[in-house]
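With chain A's structure known, arrange chain B on it following the hints.
Protein sequence lines, in the order shown, are assigned to chains A and B. Using this note's numbering, count along the first sequence one by one with no gaps and you end on 440. Using this note's numbering, count along the second sequence one by one with no gaps and you end on 304.
Each hint can be trusted.
Dumping the calculated DMTMM-like pairs for lysine to aspartate or glutamate here, alpha-carbon to alpha-carbon at most 25 Å:
no.	chain 1	residue 1	chain 2	residue 2
1	A	401	B	270
2	A	401	B	84
3	A	439	B	270
4	A	276	B	86
5	A	255	B	130
6	B	180	A	175
7	A	287	B	130
8	A	401	B	42
9	A	255	B	181
10	A	103	B	181
11	A	260	B	93
12	A	329	B	225
13	B	48	A	318
14	B	180	A	318
15	B	43	A	368
Chain B stretches covered by chain A per the calculated footprint, using a threshold of three residues with CB under 8 Å from any CB of chain A:
no.	stretch
16	157-169
17	221-229
Quick list of simulated restraints, FRET-style, between CB atoms:
no.	chain 1	residue 1	chain 2	residue 2	range
18	A	325	B	257	24 to 30 Å
19	A	84	B	193	52 to 58 Å
20	A	428	B	173	56 to 62 Å
21	B	168	A	439	51 to 57 Å
Simulated from the structure, these hints should not be mistaken for lab results. Glycine included, each C-beta is placed from N, C-alpha and C at the ideal position.
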Amino acid sequence: MRLIKTLFLPILITLCLSAAVTASADDGSFLLKPDAREKVCLTCHTDMADKMKQAYVHSALKQRGDCTVCHNPHTSSHGKLLAASVGKLCFTCHPDRIPANAKSTHEPVNKGQCIKCHDPHASNNPFHLLKAGNDVCYECHKNKKEAFAKVKFKHWPVDKGCTNCHEPHGSAVSDFLLKEPIPNLCLGCHKLDNPEIAKQHDFYPMQNAKCTLCHNPHGSNQAGILYDNVHPPMAARMCDQCHEGKNSPTPFKLKKAGYKLCEQCHAEKVKNILGKTRVHWPLLSGKGCITCHSPHASQQKYLLKAPMKVVCGQCHSDTIARQDRSKTKHKPVMEGKCTACHDPHSSNYVFLINQPVVANMPSNTIMDWPTLVVNLCGTCHNYQQHSTHPVGTKVVDLRNKNTRVMCLSCHRVHGTDYKYMLHFWPITTMCVQCHKEFKR
Amino acid sequence: MTKISWKFPGVFFIAILMAFPVAAYGAGALQFIPDISIYSVDKGGLNKPEGVACSSVYDDIVVADTGNGRLMKYTFMGGAVKDEAEIKVTQVDYPLEVQMNSKGEIFVLDGQQRRIVHLSKEGKFEGYVDAAGAPDSASIIPKSFKIGENDNIYILDIYGARVIVTDPAGKYLKQIPLPKEAGFITDLAPTTGGNIILLDSAKAVLYMSSKDGTSFSPFTGNLREYMDFPVSIVFNDGLIYVVDKNGGSIDLIGLDGSFHGRRSGLGWDEGLLYFPEQMCVQSDGYAVVADRENNRVQIFRIVN
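For reference, chain B alone in the conformation it holds in the complex:
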């Protein structure tokens, strides 16, 4: 081991100087440590996976293996992935997004039908989530959806320019119109308090509606300075995780609209992302990212 001589105190002085800004910036900031990558080579290899869902109760991770027209289910426990299983149902041709509720039931947005498909925990078809009772429910085109507290389902209906909230069975509860000034809304995320956040990919702006709100208003400025083309968001533990597809990164935004940094970067090696689409946060503190153009799912350990 190389010893550093005390004859060169300058080395330590420089080290201390360099540590200061890092420590100041890094205080409280989350770090992403690459942990595991899932390739599923034995099952033919993942092909353009776009969606991931983490269970809040179980150790399950479900992946929308979009290019293969199937779902993949894994158990992620103790930092290891096991029990790889393929789920293929005729009602899902082209899975784009996937979510799980507290019972482990699976919900999939199918790109071919542009409908949300409800599957059991084991992957059996249960029905469609069509927001029965919603005004103009026949014309709903979901661009994205999320499962929030109490397993309520939040649907981003781009045809109706609104967010529809349903109960866990898919029955209509309420709707909120999308902000008129928005460029193009691509994703939404409910917070633990029941607020709803919207992502405007075209203008790189986040909007929020309070739990009982009837409209959305922006709570960030234009975030283009920090990100290239944000495509999806996840809310976890007071932070909004923004997936920047073209930038190959995950960007962290506070609820006050402040930018908390950029994690990972564009590339092919493990730890880097190449056109990621979505992510979820596993209850043990792992970020699971659908690393689409790398044909894999990457799991990062989130550390403070």
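Only chain A is shown next, with the shape it has when bound in the complex:
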């Protein structure tokens, strides 16, 4: 009897409990009306009935007709009574949308903003996308749409659909969400054994080349969809001006390193650059000019690798960040016109400052620093033509006998945390840095 009690009683209790749990999972235990998961919601949400008639319905609704897959019918901590946060909900059923070890991911997917592209219920577009074809992409990538509309030579797969080349969620193999790394992606259509293609590339072995260094994959105004600005030797297919010959075992090896290669054609430019006391050091590196410039073709003026703010910001990220958080923006910095004040190659002044044009002063005059700064700022700001705080070579900074008062004494040109790019705030605090007698 004792054995029965010790062995069978726990088993009996366990069986009863499991039966209770099973029963609770059944809709009946919730006293749900028949078809409650399917139709009860629609009695109030009548607009959804029409929605469900659209061509492409979210499988959770179409196959199971179950709103509670995504919504909690009673309460929720999330908007629209969602069962989880927007960022997580979709991934509960679609966990593999971002490939493992993805090399690139689409930002909205990363942020769980699936509804930027998809209607969570239904739409008339495949994958219940909000818009058809490329229009869904152009919602965010407007500039691509405008550029594509304007260009003379269009890459036809773009017109057919961005997803010809791009994965919309994430790519396990390439950056820019590409389906294949370059050149494999391009070689899928453009066969290198095509004699015309071989001729266009001066018979150099292109099987491992990065096509997008020269070609704009979305289209351009240059034949061969080369970027809009093409380096003349490349346009003339004079590859061996810079590279070893096509029959060399190392055909793409450069004939010289750094600026010495560019000097072959740009001798005068290089001579001027090196003639100044301060050369932008990356120009003297083994990479030389191509640290900032693209040697083949570019979408940017002066064959810059990217917009100037991006190119300069690769090394001077702190300066760009300072401008971004500055209360008052300095227009040239904001617009990425770094060369408004700086010479990116060389200068006779610190910070590689440009020599401003001053009336009655020869252009090769080496100015003292305060004169240079005041005149450079004066190129855009005309304060010195009316009333101004005394500035210039003769005005000693009261904080430091070896420095002079100039624009930079109060302002930091790339920005500060304060208005007017002042070093201190409020303004009185700025003033009493020097005029200490007025400090309270």
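Frame of chain A; chain B shown alone:
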């Protein structure tokens, strides 16, 4: 003198509370106490000084007075600066960096020629350091250089993307390629053990190669959180002193890559720095900083 009444024990309680984190953080951390500033007003005033060198044996400090195209030599002894002397040689138009070896000889990186000039202790031209015997020695472009143990010279050749080590006479000993993943290397510093440290200004990362190493690898993460735009480094007594030009400070990094704090700050008053370029540590425990945009050299007493 104001007396604090025991009727307000809260004051002491708060004081004790405030002292704790400071004491914990400050344990072993170096402090920079502003000591002297050099302006050389009598010699026309320093103009954009970029380089400083401290002698490990003598009491000399040599300053690259860049804007004036000259060197200035001082004796710094007993906490005072004296014997100000100007050194001007035709081979140095635009001194950017300066170093001294154990004999007090002066080495200058000239920005106009982009060559390292060797001067005697008195400032007489002795020759160039061209790393004779190095592969492609004709194409060397030194961005920076340092003198290490045994007076060996460490040259950062940015054209050849390498560090070249020469003997004290400038003859080639070895070379190590710069790390390929680096953004842009701007300075180097040999340690007392013969390791070499590199500074990547673009990525704010430090790299190291062991004494007999053939490559560099990073030993810090991205330090941008702590500094704006680091431009030069010095190794002294187990610490790396990083000059943060845009931040106007000296940042201290341990050999394990840990951040030990930030000293000084951006400003014009003495004790503050405005776009400093380089520094050196004098044997008596003083940090000498080329405070470029303040047109002065500042000397800080380093205290534990």
